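Q: Chain by chain, the residues:
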Amino acid sequence: MSTKDELLTVSHLEKSFGTHGVLKDISFQVKKGEVVSVIGASGSGKSTMLRCINLLETPTGGEICYHGRDITDPKINVPAYRAKVGMVFQSFNLFHNMTVLENCMVGQIKVAGKKKEEAEEKAMFYLKKVGMDAFINAKPRQLSGGQKQRVAIARALAMEPEILLFDEPTSALDPQMVGEVLEIMKQLAEEGLTMIVVTHEMAFARDISSHVIFMSEGVIEEEGTAEEIFQHPKKEKTKEFLSRFRGLN
Amino acid sequence: MISDMNFGERILYLLQQYGTSYLKGAGTTLLIALVSTAIGCVIGFLVGIVQTIPVDRQRDSLIKRILLKIVKIILKIYVEVFRGTPMIVQAVFIYYGVSQIFGVQLGMWQSAFLIVSINTGAYMAESVRGGIISVDPGQTEGAKAIGMTHFQTMTNVILPQAFRNILPQIGNNLIINIKDTSVLSIISIVDLFFVHKSVAGALYTYFESATIVMLIYLTMTVITSKLLLLWEKKMDGAENYELVDIMGVGTQLGEERKVGL
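Going down the list, the protein sequences come from chains A and B. Under the working numbering, the first residue of the first sequence carries the number 1, and numbering increases by one thereafter. Under the working numbering, the first residue of the second sequence carries the number 1, and numbering increases by one thereafter.
Chain A extracted, bound-state conformation (with noise of 0.2 Å):
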């Protein structure tokens, strides 16, 4: 049933806190150089859904398909699937004893067992994508919450995953410092790469998503094209909450 650029397929993934069940019978399916945006309430259960994808949480039933290969099977080999599946944080959540350009190489060295000149040439090459090429010297606790942001990015990018997930990469920063970071995020769209992208930023999934996800008190409320969600959505709930953010349009 899985076609070749079929990269992520989630089946009836269900994650639930004791007896406080927090996803119920998720089911959507990533395509290579999709984007997609997972919007909703907060306490929704987005994050909880993007952090099962990375196995930071274990699901509670279900399966999650990374190439055809159920990645909840507890022989999976976790690190090595998790070094293909980036994961950018709202916390940023850098390497505080390392500099900028160290932040950006140690995956690549540790993980990825590459040498140390062309894991200096890549965290480069990715920290001038980031503009943060500039600041390779810097520690995390010298940098704003939008270069920290950008730099986690370009630590990401670094390691070359096949989707990278975005679990509300914006939330943290104050205003003026979210453009700098959702500019970078469109260009990285536009190159093609895969996301699955957590946001609150309305008018940024609307433009840049090719599927948009719906989320409401744990189950996929309503998803589609962003015209679709945006423009003619079908669920009272998808109206009501897109209704708090109309005077974006």
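Check the hints yourself; a few may be wrong.
Beta-carbon label-pair distances, calculated as ranges [to be verified]:
| hint | chain 1 | residue 1 | chain 2 | residue 2 | range |
| --- | --- | --- | --- | --- | --- |
| 1 | B | 130 | A | 228 | 44 to 54 Å |
| 2 | A | 75 | B | 78 | 31 to 41 Å |
| 3 | A | 58 | B | 130 | 21 to 31 Å |
| 4 | A | 200 | B | 63 | 37 to 47 Å |
| 5 | B | 64 | A | 81 | 17 to 27 Å |
| 6 | B | 54 | A | 70 | 19 to 29 Å |
| 7 | A | 115 | B | 64 | 25 to 35 Å |
| 8 | B | 54 | A | 174 | 26 to 36 Å |
| 9 | A | 70 | B | 232 | 44 to 54 Å |
| 10 | A | 31 | B | 78 | 35 to 45 Å |
| 11 | A | 29 | B | 60 | 54 to 64 Å |
| 12 | B | 243 | A | 162 | 31 to 41 Å |
| 13 | B | 70 | A | 96 | 42 to 52 Å |
| 14 | B | 172 | A | 76 | 22 to 32 Å |
Using 25 Å as the maximum straight-line C-alpha spacing, the simulated BS3-like pairs for lysine-lysine come out as follows [said to hold, decoys possible]:
| hint | chain 1 | residue 1 | chain 2 | residue 2 |
| --- | --- | --- | --- | --- |
| 15 | A | 186 | A | 24 |
| 16 | A | 31 | A | 84 |
| 17 | B | 24 | B | 233 |
| 18 | B | 64 | A | 75 |
| 19 | B | 69 | A | 75 |
| 20 | A | 84 | A | 114 |
No lab work stands behind these hints, which were simulated from the structure alone. What you are looking at is a predicted structure, and each value in this text was computed from that prediction instead of being measured. Backbone N, C-alpha and C fix where the C-beta goes; we use that ideal spot for every residue, glycine too.
Please build the complex by placing chain B on the supplied structure of chain A, with the hints as guidance.
A: Okay, now just chain B, sitting in the frame of chain A:
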């Protein structure tokens, strides 16, 4: 005669007669304190690292989980026993106990290093555990997300920061050890305190000798804490960083191109 001298003269007399003995005693004290603190740190790190190994109920085999649990319990007992009993009693217990139970006579020096090391290790284990869990968990997730194993995350990201965080604790332990090696005189280690007891006992110059010894201990600990502060500063690195390409600053993405929403 020493009884005819005043306080200052007696101190001078003691220094002339026993100056080298005091210095040798101080050397012994410092040697035991430094070596044992270093070994204690290694023990502390090993124990702290094992104590914080996460268990994955789904992916770890039952045998691995049981073994880990047993090791963790043993380490917990070790920490509690050596943190919860006085070092002077431990010294007697080990020095005489080992020979009676195992039939091996440990030398004075071996015993001294052993006792202070495992005592320090027990304290450090808790400090290291605290240091590890004080590094924000987000960094662990960041490391996992680029594919690092638990071991790689620890060695590259967490432990260097944990080490920096507990450096003041390590310094504390070193200073405590410089002072507390004095209890080793009970197993006849000729440290600074042992020298004091001998000198004072022979000449009835308790106050004078104690004054000298106090000053020597104080000198050692003050210098130690100053050196440790310097080390901390060095580890923190420069407050500022250099921009590689000054021209690049003005052309940051965020400043040049704003996204219109």
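Q: Look at each hint and say if it fits the structure.
A: Taking the hints in turn, this is what the structure says about them:
The beta-carbon spacing between residue 130 of chain B and residue 228 of chain A, approximately 52 Å, falls within the hinted interval of 44 to 54 Å. The supplied range of 31 to 41 Å is met by residue 75 of chain A and residue 78 of chain B, whose beta-carbon atoms lie about 35 Å from each other. The hint said 21 to 31 Å for the Cβ distance between residue 58 of chain A and residue 130 of chain B, and at roughly 27 Å that hint holds. Distance hint check for residue 200 of chain A and residue 63 of chain B: the Cβ-Cβ separation is about 46 Å, which falls inside the suggested range of 37 to 47 Å.
Hint check: residue 64 of chain B to residue 81 of chain A, Cβ distance near 20 Å, so the stated range 17 to 27 Å holds. Against the hinted window of 19 to 29 Å, the Cβ-Cβ separation of residue 54 of chain B and residue 70 of chain A comes to about 23 Å, which satisfies the hint. Evaluation of the 25 to 35 Å hint for residue 115 of chain A and residue 64 of chain B yields a pass: the beta carbon distance comes to about 34 Å. Between residue 54 of chain B and residue 174 of chain A the C-beta distance comes to about 34 Å, which sits within the given range of 26 to 36 Å.
Checked against the given bound of 44 to 54 Å, the beta carbons of residue 70 of chain A and residue 232 of chain B, roughly 49 Å apart, stay inside it. Roughly 55 Å separates the CB atoms of residue 31 of chain A and residue 78 of chain B, a value that falls outside the hinted 35 to 45 Å. With their beta carbons about 31 Å apart, residue 29 of chain A and residue 60 of chain B fall outside the hinted range of 54 to 64 Å. Distance hint check for residue 243 of chain B and residue 162 of chain A: the Cβ-Cβ separation is about 33 Å, which falls inside the suggested range of 31 to 41 Å.
In this structure, residue 70 of chain B and residue 96 of chain A break the distance hint of 42 to 52 Å, their C-beta atoms being roughly 34 Å apart. Separated by about 45 Å at the C-beta atoms, residue 172 of chain B and residue 76 of chain A break the suggested range of 22 to 32 Å. This hinted pair does not check out: residue 186 of chain A and residue 24 of chain A have alpha carbons roughly 30 Å apart, beyond 25 Å. Restraint check: the Cα-Cα separation between residue 31 of chain A and residue 84 of chain A comes to about 15 Å, which is no more than 25 Å; the hinted pair holds.
Restraint check for residue 24 of chain B and residue 233 of chain B: the C-alpha separation of about 32 Å exceeds 25 Å, so the hint is violated. With a C-alpha separation of about 15 Å, the suggested pair residue 64 of chain B and residue 75 of chain A falls inside the 25 Å cut-off, and the hint holds. For the given pair, residue 69 of chain B sits about 22 Å from residue 75 of chain A by alpha-carbon distance, which is consistent with the 25 Å threshold. Between residue 84 of chain A and residue 114 of chain A, the direct Cα distance comes to roughly 15 Å. Compliance with the 25 Å bound is thereby established for this hinted pair.
When the structure is compared with the earlier hints, violations turn up for hints 10, 11, 13, 14, 15 and 17 and for no others.
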